[in-house]
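One letter stands for each residue in the lines below.
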Amino acid sequence: MMRDARSSALLRPAVVARLARHIVARRRLAPLTWGLPLSLMSVFVVAIFPSIENASGVRELVDSYPEALKEAFDFSAESFATIEGYMAAEVFSLIGPLVACAFLIRAISDATCGAQARGTLDVLLSAPVTRREIAAGALLAGSVVLLAILLVFAVLTALAGAIAGVGLAVADVAAGTAALFPLAFFFAGLTLALAGATSRAGLVGGVAAGTLLAMYLAEVLGSFSGAVDVLRTLSAFHYYGSAIEEGLDVAASAGLVGAGLVLAVAGALLFERRDIG
Amino acid sequence: MTATAPAVETTALTKRFGRHRGIEDVTLTVRAGEVFGFLGPNGAGKTTMIRTLLGLLAPTAGRARVLGLDPHRDGVRVRERVGNLPAEFAFDDGVTGAGLLDLLGDLRGLGDRTRATALAERFDADLTRPMGDLSRGNRQKIGIVQALAHRPALVFMDEPTAGLDPLMQEEFERLVGELRDEGTTVFLSSHNLTEVDRLCDRVGVIRNGRLVAEEAIGDLPARAARRVVIEFASPEGAQAVAALPGATTPRVDGCRVTVTFTGALDDLLAAAAHHPVVDLEVSRPTLEETFRAFYDDRPDAGDG
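First to last, the sequence lines map onto chains U and S. Numbering-wise (my numbering), the first sequence opens with residue 50 and increments by one. Numbering-wise (my numbering), the second sequence opens with residue 389 and increments by one.
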């Protein structure tokens, strides 16, 4: 299909930036509404760590758990011996990833399917912009707002660590927080791919959230049983790791971002072809 | 595109949604600079036609040209020169009218925003309140402003006066007259026969997705049906009127007859005058009645 030069230009940065600015403004409270609850939970976990750290009863309790369970959820008695291990088990293994991914799933779905339902897409597509630019604007805006959410989370967590005097290194908090972004970005790409295929926001959000849950379970169950081990390699969570304890795995993170980008590009191409009814 | 090239030209344009009908085989020409009324009842395919011409829907078959370009392939170039007022205009609830006009101005690369400001003042549009707080009519005013702020060569308007109060409807009619004088092509979709009658140079009528007529507005009144109710002193008068040529869908109820009449009213009155008349009522029929009267003799076989 032949297209004119402006349509075939991959993306016009100024147009994408302006669309993203509009979406960011719509999500301007997200650092508070999403970032603050996550941060408060993290602060709470940091605050109670001193009482857990030296409680022998807790260690004995954890030691008594089945090995498979401890392996599946990536914790051990030692997890409760260090603040990094404790944070990994309580915040970075499940709640943190779920919040970050859920935010981007919702943000992308809202900026595409939601915008179509509200009539916003009709107005935007009356202007000389391409659908791929709208898709890129949605991805850029979602990423920027997520980074703001994660910044609030990281700053408050690090501050709580300093105030509580638990020896929580800022670099470890930064690594753990940074690892959330590539994982969430993968699901942003997946959501965009789904939004490119259908205009039904509920279906897009549901399938993306279902995939998130399924991938998490695949990673957990894969550690229990070799039979489903292969599923782990298909799960984004398999490449997420535990950056607060082990540092950021740059290659794995780049892989997640790359996979997210591939899905996003596929979504943008589908979005260009589907009807805006 | 040359000065005389059509603003809109479609050939056998068809859009289906699975097994559902959208538009079927629509062949239509809208000349540059004319105010073209696109008339049809709700669900006839008016909005589908506009969305296909804007490239929002991909045609199932046929060909469309807007300002000489393919709206699906050359969407950006088409939309640089086209304005659009969608049906039931809406935008993100939290955005003010001013914010919306800024956004669209930036996306269009508009340096000069004086046209938008002037239109907003003219329609008394409140640009300071969020869209979600505005009434339908006030949102519609902003919709009109955004559709025309960049001085488009062609503007699509889908039910443009929906929600506007009578004063603003009059202002809108004056604006359309000015657009005509400036040479702007207006593609005005409506189910309001009176509005189309007042504003448009030519009309296309769509029914069940098919174009059933495309003609000058001046030809429409001659063919316009009227709903006539006459109560006679005796049943003979009612039966005589029901039997007249041009009287369609007659309903006789004793001494009372109700018909949709497409002939000359003189003929009807002359026939009625032979019998004592107790009461007489003549009114424009509903659009559906007009359609039945106009097009029952050539179903789905119009210009399209």
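Keep in mind that the hints were calculated from the coordinates and are not lab data. Using N, Cα and C, we set each Cβ at its ideal position, and we do this for glycine too. Don't take each hint at face value.
Claimed, not checked - These stretches of chain S come out as covered by chain U in the derived footprint (C-beta under 8 Å, 3 or more residues):
1) 417-426
2) 570-576
3) 589-602
Claimed, not checked - One side only, chain U facing chain S, incomplete, derived with CB under 8 Å:
4) V73
5) T169
6) D171
7) A176
8) V279
9) T282
10) G326
These are the hints, each one checked on the structure:
1. 417-426: violated (count 0)
2. 570-576: As far as the region 570-576 of chain S goes, the hint is violated, because 0 residues have Cβ atoms under 8 Å from chain U.
3. 589-602: Violated - the region 589-602 of chain S has 0 residues with a Cβ nearer than 8 Å to chain U, which falls short of three.
4. V73: 12 Å, violated
5. T169: 5 Å, holds
6. D171: Constraint on D171 of chain U satisfied, holds at 4 Å.
7. A176: 4 Å, holds
8. V279: This interface hint is violated because 38 Å lies over the 8 Å limit.
9. T282: 38 Å, violated
10. G326: Holds: closest Cβ of chain S sits about 6 Å from G326 of chain U, inside 8 Å.
Violated hints, in rising order: 1, 2, 3, 4, 8 and 9; the structure is consistent with all others.
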